[in-house]
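Student: Assembling the complex is the task here: the two chains are given apart, and the hints tell you how they should meet.
The listed protein sequences derive, respectively, from chains A and B. Each residue of the first sequence is one higher than the last, beginning at 298 in the working numbering. Each residue of the second sequence is one higher than the last, beginning at 104 in the working numbering.
Think of the hints as simulated: they come from the structure by calculation, not from any bench. Bear in mind that the values here come from a model prediction, so they are computed numbers and not experimental data. Using N, Cα and C, we set each Cβ at its ideal position, and we do this for glycine too. Hints are supplied without guarantee of correctness; some may be wrong.
Claimed, not checked - Result set (SDA-like, lysine to any residue): computed pairs, CA atoms no more than 25 angstroms apart in a straight line: (1) B:K185 to B:A142; (2) B:K220 to A:C551; (3) A:K434 to B:R239; (4) A:K434 to B:V234; (5) B:K220 to A:L476; (6) B:K134 to A:N545; (7) B:K220 to A:G558.
What the hints assert, rightly or not - The following label-pair restraints were derived from C-beta to C-beta distances: (8) B:D227 to A:P310: 50 to 60 angstroms; (9) B:G184 to A:R322: 39 to 49 angstroms; (10) A:R322 to B:Y229: 41 to 51 angstroms; (11) A:A324 to B:T201: 52 to 62 angstroms; (12) B:G196 to A:R322: 40 to 50 angstroms; (13) B:F146 to A:R546: 34 to 44 angstroms; (14) A:N361 to B:G236: 35 to 45 angstroms; (15) A:D433 to B:V234: 15 to 25 angstroms; (16) B:N221 to A:S327: 48 to 58 angstroms; (17) B:K387 to A:G544: 58 to 68 angstroms.
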Amino acid sequence: MSALTLTLRALPPHSVDLSPLIPDRLAGLSRAAIENIAVGSRGLQLSDLFAVSGDDAQQMIICNSSERLTHIGSGMTQGTITVEGDCGAYGGLGMRGGRIVVTGNAGAFAGSGMSAGGLEIRGNAGDFLGGALPGDKQGMRGGIIVVHGNAGDRAADRMRRGLILVGGNAGAYCGSRMLAGTVLVSGHVGVMPGFALRRGTLLLAQRPPELPVTFQDSGEHALLFLTLLERELRRESERFARFLPLGNRVRRYCGDLANSGTGEILVLD
Amino acid sequence: MIINGVAIDDTFAEAFGMRATRILITALDLKWAYHAARAATGFATSVIGCGCEAGLERELSADETPDGRPGVSVLLFAVSGKELAKQVERRVGQCVLTAPTSAVFSGIEGEPINLGKNLRFFGDGYQNSKVIGGRRYWRIPVMDGEFLCEETTGMVRAVGGGNFLVLARGPAEALAACEAAIAAMSKVPGVIMPFPGGVVRSGSKVGSKYKRLTASTNDPFCPTLRGAVKSELSPDVGAVLEIVIDGLTDTGVRNAMRAGIDAACKIGSAGGVLRISAGNYGGKLGQFHFRLHEIVK
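Extracted from the complex, chain B is given alone in its bound form (with noise of 0.2 angstroms):
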């Protein structure tokens, strides 16, 4: 299949069932309520080394939140409920309740976990909750008046790891294809690209040579050992960027992907991008399986 000069590969990316939690962060006007939630998604690219991947959903008007001030919608995923209550608690408490005048609530219904539940004990006492529809808040007395929290958030059963790959004639080429893509892929609901700037290239394989890594370099794809190893590169090809995508349902992530691809097959082979893949594990691992020219079709 090719679209536009950019061939698209008879293959699939993998993804993987994840826990996800999407929470809201309002502040006294966006520049505050970024700040909090920009803090609490650092660090957060890949549960690999950061307990879960966390990004920016969307930005929230007014008239979006329940306190009637601008805000910012987060997801984060992690790969089981456990581990995702921790990395809540860790990252709100550190990261949105250190915040000036930032408030957070839970943006999705599902199985409960801990959002200001524990972090109340900040109060020293002096917090108290009010429960208003139905729903809990605590109020924790700080510095600049009053940190408002919802007690829990939703958590629900999530896609990771959906992904894609541009291969271009160099790094330039790619970055502005990748640009492209993430700019039309952040518009689609439900769906973040947890690597900075949504684009990652360390794309990495299962394993290595050495015993205590679990995974390494993706070296079929790394341009500079064409030659050294069995490379996936043809000569052309001077650089591969990959887009990682979390989504709270599997169509999610795979419309992200579509107007990620068509975002790039729209800059083309005249602008430097040759082929389009994705990243699999053979389908052994992953339960999602998103074949490109299914969705490109």
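In isolation and in its complexed conformation, chain A is listed as follows (with noise of 0.2 angstroms):
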């Protein structure tokens, strides 16, 4: 069995919801029930815009993406996908299983919801990446995001669970209203990081400038979580070997006081 590629053909004039094609449903069917697929909403079946080849749904490849295809991986349990270019918004959404890889840039909202599973963005990110959706309670749940690149704004906004990791620089009100989990950021961070945070760590390579007023240095520390958040990357080093090593010794700032204080920013020594 060969991967099942769908190559898109021709750059779609609107965005489309890709959100039928995931390995859960497409399971068993065959070469002509998925072309018969219906995508979107403007009456467009899969064979309209993809050319279809190979078999196995388990490994999915989107050739030639474009950041008009929106919500790939959306609710996927199971299987890979690899998205060959660039994904748009909402990519990841509420995932339970499975891993997606994309090779280029992310739009907004990827792995937002997401409860389990992987989400690997080897360009950049857009906004709320891993954040709530508008009139959600809680962002990611669950899982990790990896984003090679940067991050746009407000990424994890609401996060609840999960490991977001960062590699470039993070947007403005990086870990906005977190109310658990832990996101690292190897590069710098926007303005206001951390801004109502609840719980959860941001883990910060580098000091921002300057921090909201309602974080307060705790001092250093050397924590140990730390080290086994350190040794669970190390499992899979060469996927996060560029967030390798991490070190155990931080400079703690506690907030946000204004929303409880139980959280943290950590900055790396």
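Tutor: Below, the structure written as structure tokens:
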């Protein structure tokens, strides 16, 4: 069996919701059945947009992908989707397992509401990475998001659980309204990191020029849980190489004191 | 059967099904890991009066522990899951949480029982949890930083009460044989010998002339009662010591008994070791029978 490969024939004139195309739903379907799946809201069938080859729906590849393809891997629970190119908004929305790899950039709300599995973005991520949809009480609820490039504003907004690793910079209000979970940013973060953070950990490799006044310095500490986190990352050292070594010595800033103050910004030593 | 002048009785040790767990205690250095582990396994010689039987399984090097610090592996055994959970929580709360720089982790997969799940409330609202690698850990702020503990540990079915008796010319000879046995048995994984130094002198029988006692001295094996009771001891036996073994599996208990009996027999009759026997209740109470002749053959 070879990977089920969907090659975009031409750039669609509008965004197309690809949420029906997940390994869970395609498993066991014939080629014809797959080609007839309705995608988007304008009466399109999959074969109108994509050339289909291969048959292993557990190893899907979307070639020539574009930012106009949205909701890729939404709600998936198993298998792997490799997106060759960019993906639009809502990639990995609510995913509950499996793995998505985006070789290009991802749009807004990537990994929003995901509860398990892995989302890897080799380019940059848009705003609200792992964040909550408008009206939702929680953003990401589990799993791991890895961004090799930069993340936009409001990354991890209302994040409830899980791990977000950003290899580059993160925009403004990183970790805003976080409920729990861990976000690691290797580069710089924009203004107001941890705004209204309730619990959870914002782990920064570089101290921001200015922290919100509602975060207070707790001093330098060696935190054992960071050793566990580093060991966990070392299990897949190739995948997480750029985030290693992590170390466990940090300067801790507790906050947001305007919002219970039980969260923290940790700046790695 | 006679080995190196030591008679091996044609009898069996009778052991019981128990519930057990393994926890890993780490600290800044081995000294403090031992302080915590020894405190946590103190007063845990017998379920009769201690609630559980516990002991140190082995030392752990830094690369064997979850947090990369040296530590000690501890086994705890109890008669029920409920009692085990109670003992684990109480002992970890009073003896590990309190020990400087310590941390505690689950060391075995099994039905989950609380480890740090309720201890977290000591954090008075300042505690935090982290899920790492699918396991939940609690970070409890304490005066030397943070106490890190895993939320649960695994509970498994286990075997308690494996045993053998060393009958020797006198107390010194019996003790020397038992020390050699314990040294050999300590190398067997998955077992503990819960009594002081691994050796017990107050072997017991079921029941007593006193109604409120469920166990009393094993008079047939008490040398000073020879002549007063139906003694199991020949005139040349001056002391009897017992080694009790709890193990995660019956194979572990069997291996430990074999290692211990071999070590005692190596000393032999020349060193004053005269007989090896075992304690049982006629085979009616315990589900595991360890026949000495099968073990040493």
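Student: Next step is simple, just say for each hint if it's right about the structure.
Tutor: Structure-based check of all given hints:
With a CA separation close to 21 angstroms, the supplied pair K185 (chain B) and A142 (chain B) stays within the 25 angstroms bound. About 23 angstroms separates the Cα atoms of K220 (chain B) and C551 (chain A), which keeps this hinted pair within 25 angstroms; it holds. Of the supplied pair hints, the one linking K434 (chain A) and R239 (chain B) holds, its CA atoms being roughly 22 angstroms apart against a limit of 25 angstroms. At most 25 angstroms may separate the alpha-carbon atoms for a hinted pair to count; K434 (chain A) and V234 (chain B) meet this at roughly 20 angstroms.
Straight-line distance between C-alpha atoms of K220 (chain B) and L476 (chain A) comes to about 19 angstroms, which keeps the hinted pair within the 25 angstroms bound. For a cut-off of 25 angstroms, the pair hint linking K134 (chain B) to N545 (chain A) stands: about 22 angstroms separates their Cα positions. A C-alpha spacing of about 22 angstroms is found between K220 (chain B) and G558 (chain A), which places the hinted pair at or below 25 angstroms, so the restraint holds. Our hint of 50 to 60 angstroms for D227 (chain B) and P310 (chain A) holds, since their Cβ atoms are close to 59 angstroms apart.
Between G184 (chain B) and R322 (chain A), the C-beta spacing of about 42 angstroms keeps the proposed range 39 to 49 angstroms intact. The hint said 41 to 51 angstroms for the Cβ distance between R322 (chain A) and Y229 (chain B), and at roughly 45 angstroms that hint holds. At roughly 53 angstroms, the beta carbons of A324 (chain A) and T201 (chain B) sit within the given window of 52 to 62 angstroms. Take G196 (chain B) and R322 (chain A): their Cβ atoms lie about 49 angstroms apart, and the range 40 to 50 angstroms holds.
Checked against the hint of 34 to 44 angstroms, the pair F146 (chain B) and R546 (chain A) passes, with Cβ atoms roughly 38 angstroms apart. Separation of N361 (chain A) from G236 (chain B) is about 36 angstroms and conforms to the stated range, judged on CB atoms against 35 to 45 angstroms. In this structure the supplied range 15 to 25 angstroms holds for D433 (chain A) paired with V234 (chain B), their Cβ-Cβ distance being about 20 angstroms. A hinted range of 48 to 58 angstroms for the beta carbons of N221 (chain B) and S327 (chain A) is consistent with their spacing of about 54 angstroms.
Roughly 60 angstroms separates the CB atoms of K387 (chain B) and G544 (chain A), a value that falls within the hinted 58 to 68 angstroms.
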